[in-house]
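Chemist: My request is simple: use the sequences and hints to build the entire structure.
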Amino acid sequence: MLLKLLLGLWLTLIIIAGFSFPITETPTNWYDLPFVPGLEDKARIIFFHVPMAWVTTLAFIISLIYGIKYLAKKEIDHDLISSSSAGLGLMFCILATVTGSLWAKFTWGSFWNWDPRETSIFVLLLIYGAYFALRSAIEGEEKKATLSAVYAIIAGITVPFFIFIMPRIVEGLHPNEAIVSKGKISMNRTMLVIFLSSLSGFTALFFWILNLRVRTERLEHKQSLKGD
Amino acid sequence: MYEFLSQNALYIVLLIVLIGWVGIFSYLLRLDKKMTKLEKMFKE
Amino acid sequence: MNEIIFKTEGLAKTFNRRKIFKDISFELKENSSLAITGKNGSGKSTLLKILSGILSPTRGSIEMNIGGKIIRHDSYFKKLGLVSPYLQLYDEFTGQENLELFRDIRGIEATDNYIEDLLKLFKLWERRDDFVRTYSSGMKQRLKYAFALLHNPSILLLDEPRSNLDAEGIETVYKIMEEQKKRGILIVATNDSEDIEHCEQLIDLNKQETSGK
Amino acid sequence: MRESLAATLTIFKKDLRSEMRTRYALNALLMFVITTLSIILFSIGNENVSPELLSGVLWIIIFFSTMSGLSRTFVSEEERGTVMTLHLIAKPLSIYFGKLLFNLLLLGGLNIFTVLLYLLFVSGFTVLNYSIFVTTIILGTLGLASGSTIIAAIIAKANTKGTLYPVLSFPILLPLLLTVINATKLSVSGAQFSESFGEFQILISYLVVLTAISFLLFEYIWKE
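Residue numbers (our numbering), protein chains in the order written: chain E, 19 to 246; chain A, 20 to 63; chain V, 2 to 214; chain S, 151 to 374.
All clues given are correct.
In silico contact screen, one side only, chain E against chain S (beta carbon under 7 Å); selected entries:
| id | residue |
| --- | --- |
| 1 | Leu89 |
| 2 | Val141 |
| 3 | Leu144 |
| 4 | Ile145 |
| 5 | Ala148 |
| 6 | Ala151 |
| 7 | Ala155 |
| 8 | Ile156 |
| 9 | Thr164 |
| 10 | Leu165 |
| 11 | Val168 |
| 12 | Ile172 |
| 13 | Ala173 |
| 14 | Phe182 |
| 15 | Ile183 |
| 16 | Arg186 |
To be clear about the criterion: a stretch of chain E counts as covered by chain A if any three or more of its residues have a C-beta under 8 Å from a C-beta of chain A, and this derived list gives those stretches:
| id | segment |
| --- | --- |
| 17 | 30-40 |
| 18 | 220-233 |
These are computed hints drawn from the structure, not numbers from a lab. Note that the Cβ used here is the ideal one computed from N, Cα and C, for glycine as well.
Modeler: Next comes the structure, spelled out in structure tokens:
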């Protein structure tokens, strides 16, 4: 309980710090954030958007691990964790996409630019979408668990290919590369601390929500066994 | 009024986000408590 | 003669969180037979599918031991034959083509003579060059028997052996059942008392379920 | 081992013979390609479209014809209920590779047809480096067959097969599609063969990784 309250406080402080610490050209005070030309206040998104994208990836990896575990042991509990994690991942994926897209509108001038990051989150969105489309199309819990785990593994295995592919096509697709690289944020210590705290805070938040989801699923599972 | 709002836009956003976060957080906390209670009920 | 042992331990299958059956354990040696009975929906067909290696059980294990060698799960199909209402043969091939196809895929050495014998035994010889899609349900059922016996299986699994057959067909099936008992193991899923009489052991899936609780 | 190989080949032959008899996939697929191509020709009209853009369009045709035909091998077995029969006569391994081989032949033939029509009728599309182009088509066909066969095996067990197939396949085939489109662009812009090595490396590793993982996972799909 205490831990959860601490997490609440932790993220509250990060939100306050992330929004209110002043951005100055020459950071002198401990609370000063560095000025990034062309981004100004818009640089603050890094404290919230990047953790969301990170959680999206983390959720997918956890879903994948438990999917493999399910295939090995056929323990339906592993599928509960796997699908819950994927569900949360989809939610965070949508959040990350929307926040990123809004930010891109104000920084790059359009909602979508097919920048490498945008493409990778788009692919994750597609995979999550396909994963749940598949789940809803299969009857029988065991079959659903097996096939969706297999699908997640196959999809997961193709994702790393984008690392090699994106640099090859990014020139043709992405006119804003210059801004992205110019806008590469050189963080000072304050910024880094807030960023890392936010990353850890979001990770903890994810595990908490995941835990809640898995517990509800387990209860439902138990209930359906009793009702038999 | 409008001037005040546009000059302090950042803090207004901060306020909105904070309210949203506190709402989500307290919801999660209540859900957690309820789950613990339900799990106890189920064990009996 | 190679000794055949077929045994299961604590087999259970759940579907959609619902237990279909649990704790199915038996051990069959050569020249023995088992009847599996139970109401509709009690999981007879599912159990046969699991025994033949088509479905994997939720819990429990199956062991097939022939001549002191344990057979790997993915090779069960070489040692066992199955006749089931759920089984479908290829409509776009003729009866004979179906059998030849199965022989070739299996990689067994059933001669053309043997296929001829089987087709004659099941009264399909005259219609061997017709497409299976033109067969009546009784003829399809008889072709399934030819399919199941093609490789002289050590273990023969029959699901509702009498379905769609006339008196003469049933006669043939009983003869096959008797022969199978001499050659190996016979497992029959049925609710017909006459079928059950041909078997020595009996598992009632309904009682299983009540005794399990 | 030799036994499995023989079974693989026989399953392949069986599918081939069955297809020759029923023509479930082939006729419809050929018509599909012709229909799509004519729509594209109508919409191009007299416009001057760059060959780079046309390389993308070529793969759109190929992708969607793959999506409309290649699931049949597994779906038809499932729909007709012959899956159990297959279970009883061969190992999962032989079945997977037999089906893969059949899909490969079907897709290969289809792609040759598509590419020939495309080269003949789409006037703006001129290939400057045929060695890149042909290699891309071959590697693309192999990768596409591998990816779509394993998804077809999954889809056969689901309820809504038709619409789900492209939905599931797209994220998995996307790396392949991006790379083949890129390589095709290189072939129409007159690049040297060595310039497309990177693309070919990606295509080959994609093919190897996907076939290996399908081979490992197919048994789980097949036995549910």
